[in-house]
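Chain by chain, the residues run as shown.
Number of protein chains: 2
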Amino acid sequence: MPHNRTLSRPVILGIVGDSASGKTTLASGIATILGTDRVTVLCTDDYHSLNRTERFKTGVTPLDPTYNFIDILEQHLRLLRDGLPILKPVYEHRHGTLTRPVYVPPTEYIIVEGLLAYHTRALRDCFDVKIFLEPGDSLRCSWKIRRDCAERGYTQEQVETELQRRQHDAGLYIHPQRTFADIVIRFFNPDPEKEVDAAHLSVRHTLRPTLPHPDMTPILDVGGRAGYRLQLARDVDGKPVDILDIMGDIDDRRARTVEDLFWSLIPEAHHMRDHAQLGRVIDERNQAIISHPLALSQLLVTYHLVKAALGHTVV
Amino acid sequence: MPHNRTLSRPVILGIVGDSASGKTTLASGIATILGTDRVTVLCTDDYHSLNRTERFKTGVTPLDPTYNFIDILEQHLRLLRDGLPILKPVYEHRHGTLTRPVYVPPTEYIIVEGLLAYHTRALRDCFDVKIFLEPGDSLRCSWKIRRDCAERGYTQEQVETELQRRQHDAGLYIHPQRTFADIVIRFFNPDPEKEVDAAHLSVRHTLRPTLPHPDMTPILDVGGRAGYRLQLARDVDGKPVDILDIMGDIDDRRARTVEDLFWSLIPEAHHMRDHAQLGRVIDERNQAIISHPLALSQLLVTYHLVKAALGHTVV
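Residue numbers (numbering that gives the first Met the number 0), protein chains in the order written: chain A, 0 to 314; chain B, 0 to 314.
The following block holds chain A by itself, in its conformation from the complex (with noise of 0.2 Å):
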């Protein structure tokens, strides 16, 4: 009897927001759990046009369209989608320059993370399942002098003056795409008087209804106080919505109770649970610690990811 053929093609998530909206470290925790190996992850600023030399002496942002090649990353994500390798530019933060291009087979999963991912039609036809990343403002400043000064090699008030500089583009171009997304993330400060550790954040998701998501009911009947909290809503443009929060302060025994129902909703990839270091992120001291409420976000995405993958695969 001949073997069924499996044919599948890869499963793309888009990671979007602006600059230090926290986009790598979702897409490398959700990389984790799906196993790096089966995963390429793709920053869309390799597809600047420009170099920083060159974008200073004309004073224009990378948030710009014009100074990204759009047509060329339509082209590479159409590329990968039907199974084919593509030869990706590299922009280095470090040095703000384009350099030697790499070679990118295609894999199971791809996750591409950047600021202008669903600017055009185009390019959204391309994703399984769309996010939108937009942290409280005074939380994405502070994470934004963190990374630029250690990693990027500017000095705070460079970051500030980039910040302000950018926030007319931001307007234009990055905000507007929130409303292509399936899922909008906002991690805030549960309490603006005090300051709170990476771990303590509090999360707010906005679930539109174009992605089937998981059936919540079996954790709603729970008291007040109970660490998450699922709401039939209004989005801000208007539209219904359902607002799923999970707080700072959850306990482990909660958060535990709604991992558990999101692992149980995909028993196909349960062998995931073992690798998968739910919301391990790195604090300010340099120290990894668990972040409840970025594990269950990171779980929500995954649930979507691997019921996307069996939509793909034809047995």
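One should not assume that every hint holds.
Since the list gives no way to pick out one identical chain from another, each pair is judged satisfied if it fits inside one copy or across any two copies.
Claimed, not checked - Keeping only pairs whose Cα atoms sit at most 25 Å apart, straight-line, the calculated SDA-like set for lysine to any residue is:
| id | residue 1 | residue 2 |
| --- | --- | --- |
| 1 | K193 | N285 |
| 2 | K87 | P64 |
| 3 | K306 | V59 |
| 4 | K56 | V101 |
| 5 | K238 | S27 |
| 6 | K238 | P208 |
| 7 | K56 | D236 |
| 8 | K56 | V103 |
| 9 | K306 | D190 |
| 10 | K306 | L78 |
| 11 | K87 | L231 |
| 12 | K193 | L206 |
| 13 | K56 | P175 |
| 14 | K56 | Y102 |
| 15 | K306 | I144 |
Bear in mind the hints are in silico, worked out from the structure with no lab data behind them.
Take the given structure of chain A and dock chain B to it, following the hints.
Just chain B, lined up with the frame of chain A:
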């Protein structure tokens, strides 16, 4: 009454041959005839996967397909053929480095010159016209020494070592591609006893019946020492071919007769004659001189490109 819409896809010319066989000279001459703004010249050396240092470290030559992104070259030629832009890698010969890629929009004509452009069936299928260059061996060596010392920072001794080192791979990967060419072009010194300048080299065209070559009977009925000759012959592989020789000492009047014949066969291209700069070549003393044999080779290839363009135009 509605206008007829004119659609066309680019015409793609291939020029393959060993290192320093005259590919770039032929390509740029033909680009000048067609009009440089309508032509993209693409060199397959840009698809090397290793830079010069890495090649020396691993002891491989750039002639080995394993160390070239052949699948990406196939992809890029398919994209250009379909009228789409590419982000082309760049190999800098001066320093032997792989650098920032460049955006290449599609143009009416594309000339692909390089070592391995006929290596796979998928590559060969992209071309409208396929040329293979095989100048006499001693001629090619002197061309290579002159160029690599002047433009690529090698010493004469280094070039001679490199020629030796490449011989094995040239036999394995370059020469076998000859069989796929529509026209084999061989420049040679008509009298090996004497040095001859670039303007007075002779050229032999081996014309395979894989393309409908122009009718040259009008110039056949000439005396023995006319400066050119058309003969029926067997190729080195035993297959029937036409051999068109143009002698280095052909006089201006006779060269003009053949030129007029070629131009008369492509009335669509009469506007090109003004800027054609036929046969222009830079000699050993850096002077621009005219080679009638080169001029007629360029015209023969142009004839085929113009005819191919007509074939692509749908009115």
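Quiz item: Taking each numbered hint in turn, which are not upheld by the structure, reported in ascending numerical order?
Solution: Violated hints (numbers, rising): 3, 5, 7, 9, 11, 12, 13 and 15; every other hint is consistent with the structure.
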